[in-house]
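Engineer: Put together the whole structure using the sequences plus the hints.
Protein chains in written order, with the working numbering: chain A, 1 to 422; chain B, 1 to 307; chain C, 1 to 278.
It is worth saying that the hints were derived from the structure and are not from the lab. Each residue gets a CB set at the ideal place from its N, CA and C atoms; glycine is no exception. Do not take every clue at face value.
Unchecked claim - Computed far set for chain B versus chain A, every beta-carbon distance over 10 Å:
{"#": "1", "residue": "Arg18"}
{"#": "2", "residue": "Leu38"}
{"#": "3", "residue": "Thr53"}
{"#": "4", "residue": "Phe59"}
{"#": "5", "residue": "Glu68"}
{"#": "6", "residue": "Gly253"}
Unchecked claim - Over the 12 Å line for every Cβ pair with chain B, so calculated as not near, a few chain A residues:
{"#": "7", "residue": "Arg57"}
{"#": "8", "residue": "Ala190"}
{"#": "9", "residue": "Gln254"}
{"#": "10", "residue": "Pro255"}
Said to hold, decoys possible - Quick look at which bits of chain A chain B covers, simulated, 3 or more residues with Cβ under 8 Å:
{"#": "11", "segment": "44–52"}
{"#": "12", "segment": "211–223"}
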Amino acid sequence: MSALSLRGITKAFAGNQILDGVSLDIAAGEFIALVGPSGCGKSTLLRVLAGLDHADRGEILIGGRDMSGVAAADRNIAMVFQSYALYPHLTASENIAVPLAMRRLSRMQRLPFIGSLMPGQRATRVKIARDVREMATSLKIDHLLDRKPGQMSGGQRQRVALARAMVRQPNIFLMDEPLSNLDANLRVHARGEIVDLHRRAGVPTLYVTHDQAEALSMADRVAVMMGGKLLQIASPEVIYDDPAHIEVARFIGQPRINLLPAFAEGGVILCGGLRLMLDNAPDRKMPVTIAIRPEFVFLSRSRHDGLAARIERVEFLGSEVILHCRLEAISETIIAKVQPSEAAGLAAGDAVGLRLSPGRTLIFAEDGSRLAGSVATGDAGLTAGDAGLGSADAGLGSADAGLGSADAGLMAGHSQWERAHG
Amino acid sequence: MASVVSMAAPHDSAAAHRRSEAQIAWMLVLPAMILLFLFVLLPVASVIVLGFTDFELGFGKFRFVGFENYAHLITDRTFRKSLWNTTVYTAIVAPVSILLGLGIAMLIESETAARSFFRTAYFLPVASLIVAMATVWQYMFHPTIGPINALLALVGLPGPNWLGSSGTVLYSLSIIGVWQSAGFNMVLFLAGLTAIPRELYAAAEVDGARSSFDRFLLVTWPMLGPTTLFVITISITNAVKVFETVKTLTDGGPNKASEVLLFTIYQEGFVYLRVGYASAMTVVFLLILVVLMFLQYRVLDRRVHYT
Amino acid sequence: MMTSAFSLGRIIRLTLLSLGAIVFLSPYAFMISTAGKAQSDIFTSSLSLIPAHLTYVENFAKALSRVPMARLLWNGVVVCGLIFFFQVLVAIPCAYAMAKLRFGAARAMMVLVMLGLLVPIHATALPLYVAFDRASLLNSYAALVAPFTISVFAIFMFLQFFRAMPDDLIHAARLDGMSEIGIVARVIVPNAWPAVTAFAIFSVVAHWNDLYWPLIVISKQDYATPPLGLMYFRAAEAGDDYGALMAATLMITLPLVAAFLLAQKRFVEGITMTGLKG
Chain A
1 MSALSLRGIT
11 KAFAGNQILD
21 GVSLDIAAGE
31 FIALVGPSGC
41 GKSTLLRVLA
51 GLDHADRGEI
61 LIGGRDMSGV
71 AAADRNIAMV
81 FQSYALYPHL
91 TASENIAVPL
101 AMRRLSRMQR
111 LPFIGSLMPG
121 QRATRVKIAR
131 DVREMATSLK
141 IDHLLDRKPG
151 QMSGGQRQRV
161 ALARAMVRQP
171 NIFLMDEPLS
181 NLDANLRVHA
191 RGEIVDLHRR
201 AGVPTLYVTH
211 DQAEALSMAD
221 RVAVMMGGKL
231 LQIASPEVIY
241 DDPAHIEVAR
251 FIGQPRINLL
261 PAFAEGGVIL
271 CGGLRLMLDN
281 APDRKMPVTI
291 AIRPEFVFLS
301 RSRHDGLAAR
311 IERVEFLGSE
321 VILHCRLEAI
331 SETIIAKVQP
341 SEAAGLAAGD
351 AVGLRLSPGR
361 TLIFAEDGSR
371 LAGSVATGDA
381 GLTAGDAGLG
391 SADAGLGSAD
401 AGLGSADAGL
411 MAGHSQWERA
421 HG
Chain B
1 MASVVSMAAP
11 HDSAAAHRRS
21 EAQIAWMLVL
31 PAMILLFLFV
41 LLPVASVIVL
51 GFTDFELGFG
61 KFRFVGFENY
71 AHLITDRTFR
81 KSLWNTTVYT
91 AIVAPVSILL
101 GLGIAMLIES
111 ETAARSFFRT
121 AYFLPVASLI
131 VAMATVWQYM
141 FHPTIGPINA
151 LLALVGLPGP
161 NWLGSSGTVL
171 YSLSIIGVWQ
181 SAGFNMVLFL
191 AGLTAIPREL
201 YAAAEVDGAR
211 SSFDRFLLVT
221 WPMLGPTTLF
231 VITISITNAV
241 KVFETVKTLT
251 DGGPNKASEV
261 LLFTIYQEGF
271 VYLRVGYASA
281 MTVVFLLILV
291 VLMFLQYRVL
301 DRRVHYT
Chain C
1 MMTSAFSLGR
11 IIRLTLLSLG
21 AIVFLSPYAF
31 MISTAGKAQS
41 DIFTSSLSLI
51 PAHLTYVENF
61 AKALSRVPMA
71 RLLWNGVVVC
81 GLIFFFQVLV
91 AIPCAYAMAK
101 LRFGAARAMM
111 VLVMLGLLVP
121 IHATALPLYV
131 AFDRASLLNS
141 YAALVAPFTI
151 SVFAIFMFLQ
161 FFRAMPDDLI
171 HAARLDGMSE
181 IGIVARVIVP
191 NAWPAVTAFA
201 IFSVVAHWND
211 LYWPLIVISK
221 QDYATPPLGL
231 MYFRAAEAGD
241 DYGALMAATL
251 MITLPLVAAF
261 LLAQKRFVEG
271 ITMTGLKG
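Structural biologist: Structural data, given as structure tokens:
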């Protein structure tokens with residue numbers, strides 16, 4: 001039985017489909033990152049899960065129990081908000097104590113003056129204070145317990161928010177972009193801390209973020225949402241290497257994946273004058289988009305070796321170089337990520353040749369769906385008749401040898417493409 | 001007027017710049033300063049000084065009488081009644097209009113339909129001419145032809161002589177006072193309520209605050225602190241300064257039952273022209289305002305600001 | 001907060017609000033209704049809102065004949081306009097200097113402003129009256145306007161507003177070579193618009209409504225402001241003809257109420273702004 005189950009959650013508001021049949025399962029102890037661009041519905045999904053909002057259709061099961069009709073306060077979930085939502089008028093220790101006080105003290109005991117006259121509340125409060133201190137110590141904020149949120153830094157407030165969420169051992173953790181208000185260095189550090197905390201506490205967590213790097217680095221599984229739909233949920237490796245939808249491919253990965261318009265016919269992909277023999281290219285004549293990550297675009301100093309391109313911009317990043325190039329044949333930009341040694345001496349305006357690793361080239365249909373099965377790991381060899389593409393890590397020799405026929409092939413391919421596209 | 005900073009010695013030019021900045025600042029501030037002096041400081045000083053004299057307008061000479069005026073004030077029955085009436089009036093109008101303002105604001109805030117209609121309806125009295133609306137209330141409170149007593153008659157209750165009987169006149173004026181100021185407080189509370197971040201309520205719900213009352217205690221009331229302080233201050237000060245309704249409707253009567261501080265000062269100073277005596281009264285009035293302000297800020301301000 | 005369509009809580013809420021609105025608006029209803037009733041009507045059926053015979057024309061005619069509406073409105077507009085104009089003229093440079101420039105008396109000025117907030121016109125009226133009397137300036141626009149030209153509240157409000165303004169705006173203007181006066185006129189004033197409109201509403205409402213000071217310095221009808229004009233009408237009118245009285249009230253209340261209804265959002269914003277700054 002999974003710790004959390006969502007089935008067909010749908011919600012529309014003012015004519016917009018905010019959530020469209022979202023279903024997902026979280027296993028015990030799992031850390032799921034829910035990622036997507038702003039406005040894709042991920043925060044709404046979280047609120048619906050928490051009980052702060054209602055879906056039009058669909059069901060939510062926490063620990064196997066149906067949550068319809070159950071108020072937020074009774075679902076035993078904890079939530080960390082983007083702005084932390086700490087009560088400004090309470091000290092850190094009072095903030096952390098709130099969920100415990102709400103549950104362990106009755107209404108009468110909680111009233112401002114009368115409450116302190118009620119029997120039994122003293123003992124409960126002592127126990128609450130002990131639990132708070134324990135939590136604070138484990139998160140290393142025990143020295144801040146008497147301060148108010150206004151007297152703390154962003155990172156400190158975030159920890160108090162975490163402590164408040166964790167102190168009552170909930171069934172599920174929900175986190176709504178808790179790191180987006182921190183500055184960059186702190187954010188990377190905090191990521192590690194949250195993952196650590198999760199491992200120690202073992203509570204299943206749904207973590208919302210718009211930062212795909214954060215999602216990839218922290219999660220057991222990544223769920224990509226767009227336009228209210230859950231496009232794919234899988235491990236970070238699969239999401240990165242084997243995206244099920246072009247939008248997933250486009251959203252994940254930095255720098256962005258290269259997308260090139262192409263044409264499929266008879267099992268061959270025609271792109272920019274190149275004919276590519278890729279596994280699972282469709283037989284039917286149809287427009288497609290091919291996608292390739294910048295690190296799988298290989299550089300040749302000769303513009304005849306692969307797709308001819310001109311460098312528009314060179315970005316030196318220290319450990320790698322990003323080349324922004326413009327393909328001559330079809331006037332599209334393509335980004336290549338190379339080692340600094342390979343890019344030595346290159347500058348804007350230089351002509352180069354770019355080759356695409358066939359095993360890593362993904363094909364997407366017009367509707368965005370991914371054509372064909374899993375990606376070949378490593379680079380499949382090329383069948384004979386392949387014009388212009390050498391195998392990625394074999395030396396340039398075989399490509400050179402094929403140059404003559406490559407040119408011929410290029411011409412034929414190019415004119416075919418031209419005819420096809422008018 | 002542009003200060004041309006010479007590039008000679010950097011130290012000199014910085015000092016010169018500061019000097020010219022100061023000069024310009026003085027020029028900008030001067031008109032305000034002069035007017036402040038003429039119309040605030042000087043008059044206040046004069047009032048204090050006059051309070052020690054027996055100056056009467058129309059009589060040329062006057063002499064200093066020390067604390068005689070103040071001694072007389074203590075025994076002056078009218079003045080004591082006036083103080084008492086003002087206190088009763090404030091004690092009724094301030095709390096009622098504050099609570100009413102808060103209640104209406106909370107109702108409107110949690111309601112989505114017809115918000116601006118309700119806001120307008122409750123705020124209209126504030127934007128209307130006091131003297132005019134007081135006249136309308138005079139008609140409404142009329143013992144024989146007024147609608148209020150007609151309504152009471154329908155239910156079989158005898159309607160009192162609202163404005164004409166010394167037992168009820170202060171309460172009638174209080175009703176008008178509340179009617180006039182609740183809307184103002186409502187708008188202030190609305191502003192305070194909408195400034196509360198929504199996420200705090202979400203956090204409260206998740207933390208276990210099930211009912212609206214729980215959420216009110218945990219989030220709304222504490223977060224309204226600064227607004228509440230401001231509303232209390234304004235309400236009390238405005239209540240103490242009541243004048244228009246009294247002058248329009250009752251002239252302090254019947255039998256001084258609605259005599260209030262400002263009205264008494266007005267009578268003494270501008271009708272009987274006993275300026276010296278009225279100045280002493282004004283000093284007392286000012287002291288009351290200052291003490292009230294001071295008390296409120298001392299007692300409440302500290303508890304209310306969270307940064 | 002989530003609101004389902006018509007829960008019990010919502011029904012209670014709407015009922016309370018509506019009942020309250022009826023109570024709060026009832027004076028207006030009666031005012032309008034009585035302004036159209038004849039004497040006999042008023043004395044018999046006070047609870048019915050529809051007049052038996054529509055006597056609006058007669059009542060208004062009587063009111064208009066005794067109340068010089070045009071004159072009153074004109075005085076009101078002139079006085080409030082002049083007051084507002086001078087208040088802003090004096091307050092903006094002062095608040096700018098206190099907020100953005102460094103000079104010796106800044107702190108002293110701040111103290112004076114805070115003290116000034118404590119002192120209402122009622123406290124300073126006596127000596128001012130004596131002074132105006134000696135200068136034979138009673139019964140004039142000068143007497144009505146002069147004491148209010150200094151508004152510490154305006155200074156206070158603009159001060160808060162200017163403090164929140166980014167310094168860069170001013171530095172850029174200085175680099176462009178503008179003089180301080182130029183900065184005030186061409187950079188500060190245009191950007192202070194929200195604060196100015198908020199204050200305008202506060203000032204106009206306060207002074208349109210003011211009875212105390214005009215009562216003191218004006219005794220001639222020619223210079224009467226709307227509240228004063230109504231007082232004269234009440235004095236002249238024996239107090240029996242409620243029809244005409246209500247008609248007069250209606251006439252005098254209408255301008256400000258109409259302005260309010262048209263510019264509601266601004267009104268509320270204005271009060272909110274003064275409240276938040278306080």
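Engineer: Now, for every hint given, state plainly whether the structure supports it.
Structural biologist: We went through each hint and held it up to the structure:
Non-interface status of B/Arg18 relative to chain A is upheld: no Cβ of that chain comes within 10 Å, the nearest being about 34 Å off. With a least CB separation of 42 Å from chain A, B/Leu38 remains clear of the 10 Å interface cut-off, as annotated. Every Cβ of chain A is farther than 10 Å from the Cβ of B/Thr53; the closest lies at roughly 51 Å, confirming the non-interface assignment. Listed as outside the interface, B/Phe59 is consistent with that label: its C-beta sits roughly 59 Å from the nearest C-beta of chain A, beyond the 10 Å cut-off.
Residue placement check: B/Glu68 keeps its beta carbon more than 10 Å from all beta carbons of chain A (closest about 48 Å). No beta-carbon of chain A is positioned within 10 Å of the beta-carbon of B/Gly253; the least distance is around 44 Å. With a least CB separation of 23 Å from chain B, A/Arg57 remains clear of the 12 Å interface cut-off, as annotated. Taking the minimum C-beta to C-beta distance to chain B, about 19 Å, the non-interface status of A/Ala190 holds against the 12 Å cut.
Every CB of chain B lies more than 12 Å from the CB of A/Gln254, the least distance being 29 Å, so the non-interface label holds. Every Cβ of chain B is farther than 12 Å from the Cβ of A/Pro255; the closest lies at roughly 34 Å, confirming the non-interface assignment. As drawn, the segment 44–52 of chain A meets chain B at 4 residues by the rule of a beta-carbon pair under 8 Å; at three or more, the given contact holds. Check result for the segment 211–223 of chain A against chain B: violated, 0 residues qualifying (beta carbon to beta carbon below 8 Å, three or more required).
Taken one by one, the earlier hints fail for this structure only at number 12.
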